[in-house]
Amino acid sequence: MKKLSIILLFVLMLSLVGQTVTFSQVLPKVPRNETLIVDALHGRLANPKDFNFWKPGVSVGNGAQQMLFDGLWYLDPQTRKVINALAESEPVYENNFKKMTVKLRKGIYWSDGKPFTADDVVFTVDYLMKHPGMSYSDAFNRYVSKVYKKDNYTVVFELKESIPAFHYLFTSIVYSTCYIMPKHVFEKVEDPLKFEFNPPVSLGPYVLKQYDPQGYWWLFERRADWRRTSVGQLYGMPQPKHVLFIYYGPDEKKVMAQAQHQLDLIFDLTPESWEILRKSNPYSRIWYKDFPWAWMDDVRARIMAMNLEKPPFNNKDVRWALTLAVDIVDVVTSGFDGIARVNPLWICATESLLKEYYLPLESWLKDYALEDGFKPWDPTVPDRVVDYAKKRGYTVTGNPREIFGIGWWKYAPDEAEKLLVKNGFKKVGGKWYLPDGTPWKITITAPANFEIHATRLAFAVADQWRKFGIDVNVETVEAGPFWNKWNLGDFEVGSYWQVPATDFYTFVQGYHSRFYKPTGEVATAGNQIRWKNAKLDKLLDDLVNLQPESPKAKAIVTDILKLYVEEMPAPVFIINLKFNSQDHYYWTNFPTSDNSYMAPVWWWGQFKFILPQIKPTGRK
Amino acid sequence: MNLLKRYIIPRLIQYFIVIFIGVTVVFLVPRFTPLDPVVTVLNRMTSYGAQYLDPSAIEKLKETMMELYGLKGSIWEQYLNFWKRLFKGDFGPSLSIFPTPVISIIANSLPWTAGLLVVVAILSWIIGNILGGIAGYYADRRWSKVMSIVAMSIYPIPYYIMALVLLILFAYIFPIFPMVGGYSIGLTPSFSLEFIFNVIKHAFLPALSLILIGIGWWFLSMRSLTSTIVAEDFVTYAEVMGIPSRKILFQYVMRNGLLPQITNLALQIGGIFSGSLITETVFSYPGLGQLLYMAINNGDFNLIMGIAVLSIIGIATSALLIDLLYPLFDPRVRYR
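Protein chains in written order, with my numbering: chain A, 1 to 620; chain B, 1 to 336.
Don't read these hints as lab results, they were simulated from the structure.
Cross-link-like lysine-lysine pairs, in silico, PhoX-like; alpha carbons within 20 Å at most: (1) B:K60 / A:K517; (2) A:K146 / A:K103; (3) A:K130 / B:K62; (4) B:K60 / A:K130; (5) B:K62 / A:K517; (6) A:K160 / B:K60; (7) B:K84 / B:K72; (8) B:K201 / A:K29; (9) A:K485 / B:K62; (10) A:K562 / A:K532; (11) A:K194 / A:K183; (12) A:K150 / A:K98; (13) A:K194 / B:K62.
Reference listing, derived: stretches of chain B covered by chain A, where coverage requires no fewer than 3 residues with Cβ under 8 Å from a Cβ of chain A: (14) 104-110; (15) 154-168; (16) 172-184; (17) 276-284; (18) 294-303.
For each residue, glycine too, the CB sits at the ideal point set by N, CA and C.
Here chain A stands alone, though its shape is the one from the complex (with noise of 0.2 Å):
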């Protein structure tokens, strides 16, 4: 009787601990039906009072560029579309591309009532000029003799020489891009090193409202004047009064809270995350209703990144050899249960980018040869996929060539036989030895505990490449020696994800031979694989000295990637996949496949575009 009370008393003490938190766990004070909850990009942040982007190494990803930050153009990966933000208009070039004229957008507001105005715009380069140390301060000192306003709305750049795509700087293309300091708080700073920049003084349509000190969650209160945003102009009023960013931890707990609807938007989850979240929470959805569900227009692919200075790596036709010795469909179904979109040239094929470079070089590929005649290209793939997925029993909708890609390289062991014999290497019972009789052995560098798909590419790849005969080791490898190894080249194969996308222009500059560094020595201009080709170097000359938006500038990318294609430096396999998982229980009219409005990057600076968009459901 005794232990029977203990354990009632033990029971009842639970349930009176659990009382005022059941159902409202996370926002105890704030309406649910209000706020839109945001899985934290960054995880746990060290110090999350510290919102002075301009700081190099401060995370703004958790919610304070989305939300407080603003910038003058936006790139949306998706349509496309340039965004004119802060800017009214796109940039207005002159004197070749040695003067850049810039209208902005009246009516701007910063939070505290100061109207926004060109002194902001000046101010912000001026003050990171002057300050070395800072983000952008060397690439404005490099670039800008002198920036002046003309009037209070109208900014203008004169640069020490004739620089194009000046105005990528300021250019959100891929998560971020140089935003607008406040000049009535910065002026009174004496060392922006120093400062947090706390409170933030916010140009964007919501305030920071509270934080958690232990950096696990921000919440940020829509601004009564959001109508003096750049949002507020274009796109109307931010549905969500609150926006959440919080930190749950591992996927497993991301399921639960959205399982509970009580996370709206995460960041990425591995599938099989999703194919638990997906059984257990019928308001969860990715991109695709059906199979393959996964977003998969990110804008960076998957590689096999060879040390070119590394033999037998340094040889075109091994590199071919080891590209053709892959059955692109077998990693893909084996790998990724056929999750994925294939990814042959060095751009990524999202949604926009097949439509501008895939289709107009469909042709080419059919028709592209190696030396000995062989025509690689192999235009099957996304049937065989869907193929397969039938077969699995997935339902498919839509056109497969735009969800699984529009083709690959054949899987040829015999022309990679071919290749390989003609350099010299033999295969003895079944197994390679490279030309100096030695055995031939491959590791392949991957990531370990994140990135999970490069991992799972890295041992799908090497299951293909021990098929054909070479003895291969899989290497996992923790953050920041993997990055480390990168970049000094301390590796033979590694499973990276350095491709362009929308960025192509800015991406290739860095392979650029007078940026090149041997390994051993840190590059950090990107080639981190130690590509080094005169006819690259004479495309980048003549591209780095054309708008990228032009029809020329376009024509070279094109040779660029055909180049790629012929060299084959390190063979691009897919692109990367997201499982951003939304909850359609609270809030609704995310962009998905059917409606895509705009990239599901809530981890962009863009998100803020898309806040006026969602719909609440109505549901308590």
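Model the placement of chain B on the given structure of chain A, informed by the hints.
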């Protein structure tokens, strides 16, 4: 005077040598790993921003950051600067969230780690040792065997699984406890009853998970110690003398069994400064463990050193205290 010369002073010298060697090793190890904090920050900037920075501007930025981070001089110069700063209680700025001082980052997380882990360590030590002592002394009783089976079943469960099961049970299926953080959103930290109760509620599941595993270990080790002691002559003699068994258990058997357990407890409490990574990750509970993990991944030398130095000092100090206090627990030491 003799005690001071022969017992206390050698131990104090040993204490300072341990700290000096430990701190030196902690300074050197990250620098010999392939981690470069500047490159890590640049990576983060380019991979998240792909900002349109000319490659030469990135190179210049790298130089500037090396200068700012104090990584430009030789290792010897950096080492001397490190000791100079350390004597002033300054670990320098964090390199991954530059220039936030390491000490303020640690100070923000330390109370949560200390609050949780000290309470957990003491509670599980007390409960585990008492139960283990009783079970060891009355080893033939049925309830003692049941308790041993339960402890042996709980202790080997991988901690991550145990934590996750508790979380699924009490935060998802029966949403009694919260899933994230140290306290609820909307509350302001204060000494009000509401806040204190809220903090306890948030700490309940992380603490329970650690206590369950902790009790298992203390129970099994104490039970094993006790079952050895009960076979010793002085216990048999006490029984023959007709001393009540409760007195034999608590004053003869457990008192002897506790000696190694006290040392272990002190070392465990000294080691809390490195946090409890899995607990913090599973329960999204604030603490030093995740900080240390982030610091290692980002090559944040100063933050790694800050946490590690605290941990070294914590363990060395605990060991020293135990050494100094041991004569109180064990009279045999006094007579040596």
